[in-house]
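Trainee: Quick mapping for you: the protein sequence lines, in order, are chains B and X.
Numbering of the first sequence is given in my numbering, commencing with residue -19 and proceeding in unit increments.
Numbering of the second sequence is given in my numbering, commencing with residue -19 and proceeding in unit increments.
Keep in mind that a hint or two might mislead.
Said to hold, decoys possible - Straight-line alpha carbon distances no greater than 30 Å define the calculated DSS-like cross-link-like pairs of lysine-lysine that follow: (1) Lys212/X / Lys228/X; (2) Lys18/B / Lys68/X; (3) Lys139/B / Lys131/X; (4) Lys231/X / Lys166/B; (5) Lys201/X / Lys208/B; (6) Lys231/X / Lys208/X; (7) Lys166/X / Lys161/B; (8) Lys139/X / Lys(-10)/X; (9) Lys201/X / Lys161/B.
Stated by the list, open to error - Pulled from the structure, derived: some chain X residues nowhere near chain B, Cβ distances all over 10 Å: (10) Tyr72; (11) Glu109; (12) Gln254.
No lab work stands behind these hints, which were simulated from the structure alone.
For glycine and all other residues, C-beta sits at the position ideal for the given N, C-alpha and C.
Number of protein chains: 2
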Amino acid sequence: MIQKLITAIKKTNAPIVVGLDPKLSMIPQRIINSSIEKYGKTNEAVADAFFEFNKEIVDGVCDLVPAVKPQIAMYEQYGIPGLCAFQKTVSYCKEKGLIVIGDVKRGDIGSTSESYAVAHLGQNDVFGEITNAFDEDFATVNPYLGSDGVKPFIDVCNKNDKGIFVLVKTSNPSSGEFQDKIVDGKPLYELVGDMVSKWGEMSMDGEYSNIGAVVGATYPKMGEALRKIMPKTYILVPGYGAQGGSGKDLKCFFNEDGLGAIINSSRGIIAAWQKEEYKKCGESVADAARCAVIDMQKDIEDALNG
Amino acid sequence: MIQKLITAIKKTNAPIVVGLDPKLSMIPQRIINSSIEKYGKTNEAVADAFFEFNKEIVDGVCDLVPAVKPQIAMYEQYGIPGLCAFQKTVSYCKEKGLIVIGDVKRGDIGSTSESYAVAHLGQNDVFGEITNAFDEDFATVNPYLGSDGVKPFIDVCNKNDKGIFVLVKTSNPSSGEFQDKIVDGKPLYELVGDMVSKWGEMSMDGEYSNIGAVVGATYPKMGEALRKIMPKTYILVPGYGAQGGSGKDLKCFFNEDGLGAIINSSRGIIAAWQKEEYKKCGESVADAARCAVIDMQKDIEDALNG
């Protein structure tokens, strides 16, 4: 699967993933009104609005970027209808040729992780019929439970040509509370990085592994160290834009081949239509998202060439 | 919320939570046949079978135990129908007067954790109407992202009188890979325990906190240390029975007041009907589950008095 992502990154010349993390406050009133008209003031209406909004974003950017990353929490909070919108979003993005990273941050003891892996990347045999659940291409995974919480995901990746990104150093302000603690002379996130590298050997796909890592743009120095520890690991980089990471911070996440990292932006792209600076791009959600992606692509390119 | 749990534990004299983690292989053929007849060989049929099976278990044990803990991964792997069965199970258990611990192990950066907290313990304002999603009483939370990944859950606990159990030392074999690493002279799980204790101060409910901890029965010595570090923290103890923890290992998880811990058993109760030793209790899923709970209750009582 990582080779599919690399091919798509090369084709678009954009190591960018668009975070499809809708909030009601980001959605134009015309969409909201139409959804309320159909479903009343219900979770179903929110779900409908989320999906319609996502479709406009996706239609606007699908030729410019390789991948999207819906954050399932945004949908889960609206219950079953919300999760239906998540599922429809995953399917729609795949129809449009995009690679879908399910940002689900699952992880549990072995037998339970196996179920989560099947839920997001695998298939079930239901009385002889094959069924699947959410069927993303990649999922994000929490490593706190250690190898036997991660290996079931690796097995499913190998079986179905899928990938995962394991949390190593997260982008949030308090990520250091545990992740930065010094263990055996180095920070815990480096130890987790070592393990990701080792797990990665179990699912190589060309020069990179299907087992990637999450490292926040907000911690570029740590990113630099982790880049060296995990040379064959693709790094998914959240935290660019709204969370404070900037273009110049990104270079250290890439390898010398110009590959090895993909940068996420959510609010910066999907809520671009609400910003004064993107009014110039046109009136629509899609046009503003498109402009924001082009700006981001340039920002990254400048950083890589700088 | 922790006082509600304590009241229910005292009433039943059983610090037991029944893990509602169904697998197809545990479900009687009569239920499977009926579900396939209704829904064909589909995820809907699995979901129907899960719910019918859970109902029989719950009907069998609801007067004997204070709480249940459905593991969402078991349901999530069957997609939307599976999650509908999870939701119906939560509602049914609450109707039967049981406290429901959603074993969801969620956790993310602050704004995303807030959405997860709403999904499982909170409510949304949808255009002026209040909606909820899964509405469990407690949820399990992964601490790897630090305070700002946990605090949104605490806020929702305080707002809606709910609780959480934060993973401290998990029951699985590889939990030590990261959790046991020595940090500042003590294992990481103790550091997490210190934090849980600190977070707990933000949501006290009588002598205990709504912010609990997960510590595996498979690590009783660590449990003993953690019991001292977190005196006001309720400990949810998985790993009893099928995972290898035994009655004699449990005493150390309790405080001298006889409170402070609740022990989970999943397979040992819900799959008891498949075991030779429970054939004596009757033919039904419910009867065997009931016998298994009574045995477990005695095992714990002996351990506490021993």
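Trainee: Provide an ascending list of the numbers of those earlier hints which the structure does not satisfy.
Mentor: 3, 4, 5, 11
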